[in-house]
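**Student:** Going down the list, the protein sequences come from chains Z and P. Going by my numbering, the first sequence opens with residue 1, and the numbers climb by one from there. Going by my numbering, the second sequence opens with residue 1, and the numbers climb by one from there.
These are calculated hints, taken from the structure and not from any lab test. Don't take every hint at face value.
Unchecked claim - A partial selection of chain Z residues facing chain P, derived with a Cβ cut-off under 10 Å:
#1 Pro126
#2 Val164
#3 Arg174
#4 Gly176
#5 Asp371
As the list claims (entries may be wrong) - Take a look, some chain P residues computed to stay more than 10 Å from chain Z by CB distance:
#6 Asp27
#7 Ser123
#8 Ser136
#9 Trp138
#10 Pro160
#11 Gln172
#12 Ala176
Remember, predicted model here, so these are calculated numbers, not experimental data. All C-beta atoms, glycine included, are put in the ideal place defined by N, C-alpha and C.
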Amino acid sequence: MSSWFDKLTTSDTSGLPTLIQYLQAATKTRKLENTKTKARKFFSWFRDLVVSCLKTAVRMTVPKWRIHATRTPLILSVSKDELRRAGAILLASLLILGHTQPALAYVKFGVPVGGRQVTLKWAQTPVRYFITDFSIPGVTTSDLQGAVGRAFASWQAVPTSAIVYQFGGFTSARPGDDDGLSTLGFLDKPELDRVLGSTSFLIDNATGALLESDIFFNASFAWSVAPNGEAGKFDLESIALHEIGHFSGLGHSALGETELRAGGGRRVIASEAVMFPIAYGAGTIAGRTLRADDIAGVSDLYPDGEFNQTTGSISGRVTKDGQGLFGAHVVAFDPANGSMVANFALNAQGEFSIAGLSPGPHVVRVEPIDDADLDSFFDPDRNVDIDFRVTYHDRLVIVPRGADSGSIEVKVVRK
Amino acid sequence: MVRLVAATVIVCALSIPAHATVVIGADLGELARDARAIARGRVVAVDAQWTPGRRTIETLVTLEVESYLKGALGETVQFRVPGGILGRFRSIVVGAPEFAVEDRVVVFLGARGPSVPYVLGFSQGVFRVVRSGDGSTWLVTPPAILPSAAGSVAIVRGDPSRRALPLSDFEQRVRALVGGAK
Numbered sequence: 001m002s003s004w005f006d007k008l009t010t011s012d013t014s015g016l017p018t019l020i021q022y023l024q025a026a027t028k029t030r031k032l033e034n035t036k037t038k039a040r041k042f043f044s045w046f047r048d049l050v051v052s053c054l055k056t057a058v059r060m061t062v063p064k065w066r067i068h069a070t071r072t073p074l075i076l077s078v079s080k081d082e083l084r085r086a087g088a089i090l091l092a093s094l095l096i097l098g099h100t101q102p103a104l105a106y107v108k109f110g111v112p113v114g115g116r117q118v119t120l121k122w123a124q125t126p127v128r129y130f131i132t133d134f135s136i137p138g139v140t141t142s143d144l145q146g147a148v149g150r151a152f153a154s155w156q157a158v159p160t161s162a163i164v165y166q167f168g169g170f171t172s173a174r175p176g177d178d179d180g181l182s183t184l185g186f187l188d189k190p191e192l193d194r195v196l197g198s199t200s201f202l203i204d205n206a207t208g209a210l211l212e213s214d215i216f217f218n219a220s221f222a223w224s225v226a227p228n229g230e231a232g233k234f235d236l237e238s239i240a241l242h243e244i245g246h247f248s249g250l251g252h253s254a255l256g257e258t259e260l261r262a263g264g265g266r267r268v269i270a271s272e273a274v275m276f277p278i279a280y281g282a283g284t285i286a287g288r289t290l291r292a293d294d295i296a297g298v299s300d301l302y303p304d305g306e307f308n309q310t311t312g313s314i315s316g317r318v319t320k321d322g323q324g325l326f327g328a329h330v331v332a333f334d335p336a337n338g339s340m341v342a343n344f345a346l347n348a349q350g351e352f353s354i355a356g357l358s359p360g361p362h363v364v365r366v367e368p369i370d371d372a373d374l375d376s377f378f379d380p381d382r383n384v385d386i387d388f389r390v391t392y393h394d395r396l397v398i399v400p401r402g403a404d405s406g407s408i409e410v411k412v413v414r415k
Numbered sequence: 001m002v003r004l005v006a007a008t009v010i011v012c013a014l015s016i017p018a019h020a021t022v023v024i025g026a027d028l029g030e031l032a033r034d035a036r037a038i039a040r041g042r043v044v045a046v047d048a049q050w051t052p053g054r055r056t057i058e059t060l061v062t063l064e065v066e067s068y069l070k071g072a073l074g075e076t077v078q079f080r081v082p083g084g085i086l087g088r089f090r091s092i093v094v095g096a097p098e099f100a101v102e103d104r105v106v107v108f109l110g111a112r113g114p115s116v117p118y119v120l121g122f123s124q125g126v127f128r129v130v131r132s133g134d135g136s137t138w139l140v141t142p143p144a145i146l147p148s149a150a151g152s153v154a155i156v157r158g159d160p161s162r163r164a165l166p167l168s169d170f171e172q173r174v175r176a177l178v179g180g181a182k
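Here chain Z stands alone, though its shape is the one from the complex (with noise of 0.2 Å):
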């Protein structure tokens, strides 16, 4: 059974005779599955974010909902006359959240240019690049050409974005010297522990235009390009996917969850962009896949002539006793294909907006940045707010093809 949030794309009404129907032709099952098919990929937490939206939810509306939390699906069992409140209480949600306005911005690096921020991008395409010709124990500059050859063809896959990227060759010049050349390779940075790779820019800073970006790979790390990975070695794909992210004008994403491991240490175990800071652990290729989020970020800097037409987005503010919240971080979740896109409140007014959305209902999560290292996302100086509660959005919030949902507001309240 398909989604009954599949049968709602858009704000505009065509999808409410739609969902009308199908609700009817679900109340027939008695059973209507959620749109958790692809559920054993998310996050433990995100799980639970469901089921206390909905949880909430019934508590104000139906209280007769019994909901079972299961591993996957997770599966409601409603009557006929339970199942025709929801649907009067989503066309409620429809009608008030379902105005347009224009999008705002998508997080993306910026520098300040005399006074105003510059999204910082490549302003032409193809983007060349070139590898250094120097190998590692195990790894090839030819294997190296691949691995990052095929990382640059992930990004360069994104159907909404059209950014193109371009083999220049092999060089003597080194990752970070600037030459010029956007330059890709391994350096030895022992020093550097716990560092992976690093991607630096040159950037003119009268316009504020992109010139040069290099990548390295640190070199004191055991590697693998390996198709299904190696035990002990890093994937150098997984890697090069992240620093080319950067490369192309993305900063850090935090829709990622880790966890302490008995031994010491952290250990990522999800993650729903391959922006996520953290790398996954050695001898796993699970990073090498772009997600949501990812996929959201790279069409926003890029987009290609349907992007803008065909996606949405969700703005609004966090505040915290009636004041704006700088710092928090607001998830927007599509229950109908399980994706997760994301951005933060980026002025003292709690303003956020995330672009990039699939049309259709979604979830929206707020929650503190309290297991990061907040200089990892925000300048220094920057008083990110951590000390409040996770807060879910009480209504799903509708995302217009092509527009903006309206500004909405998420009170959160003190640990």
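Starting from the known structure of chain Z, arrange chain P on it as the hints suggest.
**Tutor:** Only chain P this time, still in chain Z's reference frame:
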């Protein structure tokens, strides 16, 4: 020579190199174990310089040490961080710490041989000491990721127990970890 000239022309036209990284996550226990020294103090100088060969910019940070939680490198200690501001040029490292004079910090420092120490794990090895909202006490931020005492434990955002620790509590925990690592 052509290359040098080209580089000079480019550098003169530019001003903001930036960097970004992907890292391996560490908890406070690992940082305490791996650190050559752990120092609390006040930043008294921040001096950017070209690396040898004028390839890129790094910054020497001078810390006036108030207390060592591990090791001892003198009343003042210098360490280096990637990036910095040098004339018209600025290098930014996402994931690497930035410092300003008068910052109060606890830094976990590594060192290899006689070289200038560096911060462990980029920004993972820096904790900032700030006044509480009412100004009554010093707090350490971000909240420390303490090692697990009972198997693998997911780190859950918004956990009410995860707060900026009072400085005295933070130092007590670090000293305990240092002692346990011996």
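**Student:** Go through the numbered hints given earlier and state which of them the structure violates, listing their numbers in rising order.
**Tutor:** When the structure is compared with the hints, numbers 1, 2, 6, 7, 10 turn out to be violated.
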